[in-house]
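Peer 1: From first to last, the protein sequence lines are chains A and B.
So for the first sequence, the numbering used here puts the first residue at 519; every next one is plus one.
So for the second sequence, the numbering used here puts the first residue at 631; every next one is plus one.
Derived by calculation from the structure, the hints in this document are not laboratory data.
Backbone N, C-alpha and C define an ideal beta-carbon position, used for all residues, glycine too.
Worth double-checking, as some hints may not be accurate.
[What the hints assert, rightly or not] Just some of the chain A residues that point at chain B, by a computed CB distance under 8 Å:
| # | residue |
| --- | --- |
| 1 | Leu555 |
| 2 | Gly556 |
| 3 | Arg666 |
| 4 | Gly667 |
| 5 | Glu784 |
| 6 | Ser785 |
| 7 | Asp787 |
| 8 | Thr788 |
[Said to hold, decoys possible] Partner residues are not named here, just some residues of chain B that face chain A (Cβ under 8 Å, in silico):
| # | residue |
| --- | --- |
| 9 | His784 |
| 10 | His786 |
| 11 | Glu789 |
| 12 | Glu790 |
| 13 | Asp793 |
| 14 | Ala799 |
| 15 | Asp852 |
| 16 | Gln856 |
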Amino acid sequence: MTESGARAQTSYDTIPKLLLRNAEQFADLPAYRQKDLGIWQTWNWRQTRDEIRDLAIGLYVLGLKRGEAIAIIGDNRPKLYWSFCAAQSLGAIPVPIYQDSVADEMAYVLDHSEVVMAVVQNQEQVDKLLSIAERVPRLRRIIYEEPRGLQKYDHTRLHALSEVQAVGISERHRNATADDWWRGEIALGKASDVAVMLYTSGTTGRPKGVMLTQENIVVSGQNGNLFDGFTTNDTMIAYLPMAWVGDHIFSYGQAYAGALCVACPESPDTVIDDRREIGPSYFFAPPRVFENMLTATMVRMEDAGRFKKWMFARFLNVAKRAGPAILNGESVGLADRLLYNLGEVLVYGPLRNRMGFSNIRVAYTAGEAIGPEIFSFYRSLGINLKQLYGQTEASVYITLQPDGEIYPDTVGKPGPGVEIRIAESGEVQFTSPGVFLKYFKNDEATADTKTVDGWVRTGDAGFIDAKGHLVIIDRAKDVGRLNTGALFAPKYLENKLKFYPEIREVVAFGDGRDFVTVMVNIDLVSVGNWAERNNVVYASYQELAAHPDVYRMIERRIEEVNAALATEPRMAGSQIHRFLILHKELDADDGELTRTQKVRRPFIAERYAPLIKALFDGSREAHIRTEVTFEDGRKGIIEGNVRIVDTKVFPGTAALKEAAE
Amino acid sequence: MADTLVSSDRSPDAAPETEPPAAADREVLLAVSNVALSFGGVKAIQGVSFDIRKGEIRAIIGPNGAGKTSMLNCINGFYHPQEGTITFKGATRRRMRPYEAASQGIGRTFQNVALFKGMSTLDNIMAGRTLKMKRGFFWHLLRHGPAMAEEKAHRHKVEEIIDFLDIQAIRRTPVGKLPYGLQKRVELGRALAMEPELLLLDEPMAGMNLEEKEDMSRFILDVNDQLGTTIALIEHDMGVVMDLSDRVVVLDHGELIADGTPAEVQANQNVIDAYLGVSH
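Isolated chain A (complex conformation):
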């Protein structure tokens, strides 16, 4: 890796050039795998190059020109990844779009990015694009991967991806210089070229198009590989949206920079099984995925026999005690070491296999804070789960946890080539080789984010602790104060509550108020399972959420959090006084969450204004009527009464002191 990394500095400075290198140096190594009709299909690097070349020539014949933008929409599939590289080899700019976006959201990005062609996965996406065709007049052609259901469509500007490749092949047969021409086009590419435009979902306002250069992607990919020592033997599974910067760096930048193998699942629903079959050595997931996996494991263990339950509990305790230390390479007592080895055979190994982590070397999580319990659960099983902190504007990497320096409450140290500083306001700022070029057609936002000396404002409040690790508290603009003067960091409170399996989402309110209140979304899997075991009958989320026993359960959890907050000097003042359980799940389709599942506060504050008013005016119940959007774009109304409950607050000496100041 170091050798190829060093060479890339000189000549392999773009992804298409790396493709040519991989096809020469690692021709027979697997580049892509995809499960199709129940069988894993593999393409090695040479085949990958040939597929991409034919696609690129086909795209050129269809009229794709240097500098033009091409949208890519769909699940993680080799052919769509190839489309990225094919476009880049011609000097065109791929613009991946979240595949579950509704047509309306797509229209904005397609229009703003000035897309002229689109490569999409299937009929669903074709239908969406056709429905907004009038709003994106620049869009000339749509290319689809799966022909199913599309035969009878008008094919004047609609093309099957296989046909585009066939055009490329016949062009090569007719014209002996086509291959050289394509290599010539790649040679024209420069490190400073715009490689990709990634639209950030944005918790406020319209999405912004982050322009990343070839250098951003290539160097970030190399640095990522360097940091964890990835080699051509490493395999990852690509299942997170291609429009998200993480996937673009991990499954594309790093994969090309280090000739890693990328496995694409059969369908989004089969990721868990596919992961078990592939056994990736590198895995990234947002905390939610790790939470869900843990919840699923615990739910299954509830149904296990008594002996298995006992064994599971017994060895999990051993793992909790000794596992993290063993993984960090610290010394552990002989008895514990022996017990841990026994547990490895009886529990941890089989469990890791079940989760698809038999070959795992490094796993990362980021995007949100992960519960310390969940984090150490995986580490205690011998899975090297680490946290990183990143942004689209940084080509992901800002800080990462180095091996042996893992603390659940920090996001690690600056990555290779990254420098960070804390502004006077408490905001984290960084500069790195991954710093984005600019926002597309939005110089104002660029100026707001990038300082004149090349540093980027992250918008996150944080500090560097005694160990030199970065700690993130919250979004800088979200940190506020109660009328009592106490610090109010909503995400900090929300995360504490979200670490309970019963609670899926929380929104806290308190800035400029007298006390703190929260709205809670219960976790339907976890609470549903509890309901099943306790003979609680329910027909819908709404009904379960309103159940008195569920309310009592959540009340207990909030009081536990209050008790914990009372012991923290800075936070004792922001204990939760009142709460309600929302009658519907917060959903990205309704605009309540971003596509990356982050809460959009201002929007929620507006949409649920009657509930928030009731949270603070002392009423016991509030009526709410909300419009919901179904996946196919239809709208419906959910309405009902939501109960509001007061919770116990604990006297914290620290809180009194702070209030007195």
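Assemble the complex: chain A is given as a structure, and chain B must be docked to it using the hints.
Peer 2: Chain B in isolation, oriented as in the chain A frame:
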């Protein structure tokens, strides 16, 4: 070539040259003529005649007890009508057993899901290939040589169906554990596994919620459209029937009271009377 996409281009009907002939003009796949069926003194079907044309979606509707399921059972040879004939692909049989109907290309699903609950989705659909297996029982016991090659070919076909119905995620799940809507889909998969020319669906949407119904409608249209399978379906959801079918047969008290396009049937006074209830 114009440089913009115009949304009106997308209508599947937009290309007239590929438009197939109207359902009523196509070749007859199955003809029912003067069929009568009674159980003791109960006359389930009396003198019913209609046909099913190649490539159409034919709905059979009627109030409860109209004889719809009995009609389907006659078509696939489960019941033997006392009078009349059923002609399938030009061959007329008075007495045909379900096995024969199946091997000639008539597949079906049932009103109540009839799957092997303890077996996985994959195995259930694989079971639908039984009639296509050429090697004998003992070859398959050996699971070697030609039998293995045959199994692989069948498995490939089954995987295509799994892909078609988008049920990869439940490939290995015992069907008894699946929600009802998915069980119905697996049952459709099993019927498709025998690559039928005529597919009989007995209330494919019964007990489904709106979303499941929409999914199932999409699959029925896809089966008809992509695989070219002729479909006869019994359904109570009139919205579904009117949207899906090319032609509709209406039965009431064992008699045929209307036959025509959805629009014709909707306007038919006999049908309105039968559904709204008029004293006889």
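Peer 1: Now look at each hint and say whether the structure bears it out.
Peer 2: For each hint, the structure was consulted:
| no. | hint | verdict |
| --- | --- | --- |
| 1 | Leu555 | 4 Å, holds |
| 2 | Gly556 | 4 Å, holds |
| 3 | Arg666 | 7 Å, holds |
| 4 | Gly667 | 7 Å, holds |
| 5 | Glu784 | 5 Å, holds |
| 6 | Ser785 | 5 Å, holds |
| 7 | Asp787 | 4 Å, holds |
| 8 | Thr788 | 5 Å, holds |
| 9 | His784 | 12 Å, violated |
| 10 | His786 | 7 Å, holds |
| 11 | Glu789 | 4 Å, holds |
| 12 | Glu790 | 6 Å, holds |
| 13 | Asp793 | 6 Å, holds |
| 14 | Ala799 | 4 Å, holds |
| 15 | Asp852 | 7 Å, holds |
| 16 | Gln856 | 7 Å, holds |
Hint 9 alone, counting from the list given before, is not met by this structure.
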